[in-house]
Amino acid sequence: MKSESSQNIEVDRELVLPGELLAEGKFKAGSGTYMENGKIFAAQLGIKSIRSNFVNVVPLAGQYIPKVGDQVIGMIIDIGPSNWLTEINSPYPAPLHITEAPWRVDFGDTARYLKVGDVILAKVLMVDEVKHIQVTMKERGLRKLQGGQIIEIPHSKVPRVIGRNGSMIQMIKEYTNCRIIVGQNGRIWLDGDANDIAIAAKAIRTIDREAQCLGLTERLKEFLESSKKNRRTG
Amino acid sequence: MGGMTTDLKLIDERGLRIDGRRPDELRPLRIEAGVLKRADGSAYVEWGENKVLAAVYGPRECHPRHLQNPARAIVQCNYNMASFSVSDRKRPGPDRRSQEISKIISEALEHVVFTHFFPRTSIDVYIEVLQANAGTRCAGLTAASVALADAGVPMKDMIASCAAGKVADTIVLDLRKEEDNFGQADLPLGLVPKTGEIVLLQMDGDLSVEEFNTALSMATDACYRIYEMQKEALRNKYCVSKDAMPEALEETIQEIEQERSSETNEANQDQPPEGNDPDQEGQ
Amino acid sequence: MATNPLSDIMRDHICKLISRDERADGRSREEFRPLTITTGYVSSAEGSALVSLGDTKVLVGVKCTVGEPFPDTPDKGVLTTNAELIPLASETFESGPPGEESIEIARVVDRGLREGKAVDLEKLCIKPGEEVWINFVDIHALDYDGNLFDAANIAAVAALRSTIIPASRMEKGEDFPFPMAHLPISATFAKINGHLIADPSFDEESVASARLTVVTLENGKLCAMQKGLGGSFTRAEVEKAINLSLKWGEKVRSEHFSGGD
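Chains H, Y and S are the protein sequences, given in the same order. Okay, so the first sequence: first residue is 1 according to this note's numbering, each after it adds one. Okay, so the second sequence: first residue is 1 according to this note's numbering, each after it adds one. Okay, so the third sequence: first residue is 1 according to this note's numbering, each after it adds one.
To be clear, the hints were calculated from the coordinates, so they are not data collected in a lab. Worth double-checking, as some hints may not be accurate.
Derived DEER-like restraints, expressed as beta-carbon distance ranges [to be verified]: (1) H:E152 x S:E94: 19 to 25 Å; (2) H:G38 x Y:E197: 15 to 21 Å; (3) Y:G196 x S:R253: 54 to 60 Å.
Residues of chain S placed beyond 10 Å of chain Y at every Cβ, according to the derived structure [unchecked claim]: (4) S19; (5) E130; (6) S206.
The structure displayed is predicted, hence computed values, not measured ones. Note that beta-carbon positions come from the ideal geometry of N, C-alpha and C, so glycine has one too.
Turn these sequences into a full structure, and let the hints guide you.
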C-alpha cells in the first residue's frame with residue numbers, strides 16, 4: 001500500500017465552509033476545493049486537510065459519487081431484458097449488465113436471478129465523464145445479500161467506521177460476533193444474533209454521530225465491553 | 001410597492017422608524033442549520049416577524065426528465081407562502097408572484113453551485129414561508145444558501161440577501177411590511193460575499209440614481225453582516241468554533257486520508273478494502 | 001429519488017423485529033413516539049400549532065374571516081380543512097395540487113372535528129343566513145417520518161383550541177376563543193405481518209399491509225375512523241385498535257390539553 005511518510009503531512013485542520021480561503025502559493029487544489037487566481041478555496045462544508053502540497057476538504061455531508069473500484073451495497077429497483085437497474089445511494093442509477101453477473105444469464109431471463117427489492121454486494125466497474133455508472137458482480141465475494149439488516153450512514157464517515165487498517169470495524173466484529181460488510185456508498189450490512197446486531201448498529205451510529213469527538217475509540221470499546229457483559233448475565 | 005397612503009409616521013422626528021429602528025438597522029435575525037430530518041440539507045430563518053424554512057434535496061435524478069441537462073445539474077427552486085403566513089389567508093398553490101420569486105432565486109443559486117459536477121441531475125430547493133412580514137424572498141435566499149451548504153452541495157460561496165428601500169424620502173435598510181406597503185421604493189439584493197458579485201437584483205418604486213447607489217451600498221453592507229450569521233449557523237450545527245481543534249479530528253482525518261491513498265492505488269485491487277473481507281463472509 | 005421501495009432485507013428485518021415486540025427505534029408495538037406541541041407558532045394566523053411526533057413535524061394554521069354561510073346551514077359557521085403535503089417534507093411528496101393522500105388526511109381530520117361536534121359551529125354565526133365565521137384549518141407537513149394522520153389531527157385540535165376569533169378587527173364585537181366543545185384525538189395503527197403497531201414510522205408504513213385511524217373523544221365515544229391501504233383487519237384487531245386509541249386519547253389530553261389555554 002502506498003504510504004506517505006508522516007514528515008510530509010502538514011497538519012492544518014479546521015471546519016471550513018464553502019468560499020473560505022484555504023491556502024495560496026505552492027499548494028495544489030485537492031478534492032472538495034476549487035482554485036481561483038492562484039488561491040485555493042473550500043467548495044464544501046467539511047474539514048480542511050493539507051497533505052504533501054495538496055489541500056483537501058473532507059466533506060461532512062453530500063451525495064455519494066461512485067469511483068471505480070468502490071465496493072457498494074445496492075438495491076435492485078428495475079429489471080430489463082439485459083440488465084438490472086441498481087440504486088446505490090447516489091444521484092446516479094447504476095445498471096448491472098447480464099455479462100457482469102456471477103451467473104450465466106440468458107437475454108430476457110433476468111428476473112429469475114434478481115428481483116426488485118433484492119440487495120447485492122457489487123463493485124463499481126465504470127464511471128465515465130458524464131457520470132454514467134456501471135457496476136459488476138463478477139468478482140470473488142460479490143453476491144446477493146440475504147437476511148440481516150442494513151443501516152445507512154453518510155458516505156464520508158465510512159473510513160471512520162472502518163478505522164485505521166480496519167481496526168474499528170474489527171473491534172466491532174469481535175465484540176458482537178456479527179458479520180459486517182461496509183459499502184463505500186454509506187450502506188452497511190450486518191448479520192448475526194438479533195441482540196448482537198442491535199449492539200453493532202448502535203456502535204456504528206455512535207461513530208457516525210460523534211466522529212469528531214475526543215476519545216471515541218475508548219468510549220466505543222467501553223460500550224462494547226459492557227454490552228457483552230450485559231448479555232452474558234442477562 | 002404598495003402605492004398606498006397612510007397616516008402612519010414611517011419616520012419620526014428623531015429619524016426612527018415605526019418599530020424604533022434607525023434607517024440602517026436590520027431587524028433581529030436568527031439562523032439555524034440542519035433543522036429537518038428527511039431533507040438532505042435544511043435551514044430555518046427568523047427575520048423580524050418572518051419565519052422561513054428552506055430544504056434541499058439532491059443532487060438527485062432529475063424529474064421531470066425532459067428538463068435534464070446532459071452537461072450539468074439544474075437548480076430548481078420552489079418558493080411558496082403558506083396560506084396562514086399572511087393576514088388575509090392566501091389560497092394554497094403557486095401564484096404569479098411566487099413563480100417569479102422561484103425563478104430569480106433559482107438563477108441566483110445556479111451561479112454559485114458547481115453544477116458541472118453533477119450532470120443530468122436536479123438540485124431541488126424548497127422555500128416555505130410560514131409567517132411573512134416583508135423581505136421573504138431575501139430571507140428565503142439566505143436560508144436556501146445555508147441549506148445547500150448543509151446538504152454538502154459543492155458551491156463557490158453562499159449567497160447573502162437583504163433589501164433596502166426608500167420610505168418617507170429616506171433610504172432605509174430591511175423594510176418591514178408597513179414600510180413595504182406605504183414606502184416609495186424596494187430593492188432586494190443577493191450577493192456573493194467572497195467576490196461581491198450581484199446575483200439577485202430587483203427594484204420597484206421611484207429612486208434617483210444617487211438614491212439607488214445609497215440603497216445598494218446599504219444593502220451590500222448588510223449582506224456581509226448576514227453572511228457572518230450564515231456561517232455561524234453552520235458552525236453551530238457541528239458545535240465547532242473556528243479556533244477549536246479537537247484532537248480526535250486528527251484521527252478522523254488521518255484515517256480518511258489513508259483510505260484515500262489506498263483508493264488511488266490501483267495495483268492492489270485484489271486485496272479487499274480494509275475491514276471487509278467478502279471471502280470470509282462465506283456464501 | 002421519488003419512491004424507491006424498501007429493500008427485501010429491511011422489510012424482513014422490520015417484520016422480524018415486530019414479531020418480537022420490538023421496533024427499529026426501540027419502541028414496543030403499542031407505543032407512540034414522543035409528542036411535543038407548540039401553540040402560537042405563527043402570529044399571522046389566528047391560531048396555530050407545531051406538532052412533532054417522533055421526527056414527523058406538522059404545522060397547522062387557522063385563519064378566520066367573515067362570509068356567507070352555506071344555504072343549507074344558515075346558522076352555522078364554516079370549517080374548511082386542507083392539507084399540503086409539500087415536497088419540502090419528503091422526497092415522496094410531489095408538488096402540484098393536493099393529491100389523494102393529502103385529500104384523505106384533510107377529510108379524516110375534518111371528520112374528527114365535525115362529526116363528534118367537537119367544533120361548535122352554531123357559536124360561529126353572526127347573522128343567520130347572512131354572515132358567519134369562515135374558518136380555514138390549513139395543515140402543512142414539514143418533515144415526514146410516518147403517521148401524518150395523528151400529527152395533523154393533534155396539531156389541528158391544538159391550533160383550534162388556541163385560536164382567538166378576531167371579531168374586534170372585523171368590527172363584529174369582541175374577540176372570543178374558538179368554540180371547542182370536545183377534543184377529538186386520533187390514533188393510527190399499521191398492520192405488519194399480522195401484528196398491530198401504533199404510530200408507524202416512514203419505513204414501517206412502507207411495509208404495512210393495512211392502516212387504521214381511530215378518532216376518539218374524552219367521553220369515550222368514537223367520532224371518526226378510516227381504514228387505508230390494500231390489506232385487511234380482523235374484527236378483533238379493530239377492537240384492539242379502539243381500546244388503544246381511547247388510552248392514547250386520554251394520555252394526550254391529560255399531558256397536553258389539561259388546564260386552561
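Of all the hints numbered above, which does this structure not satisfy? Sort the numbers upward. none
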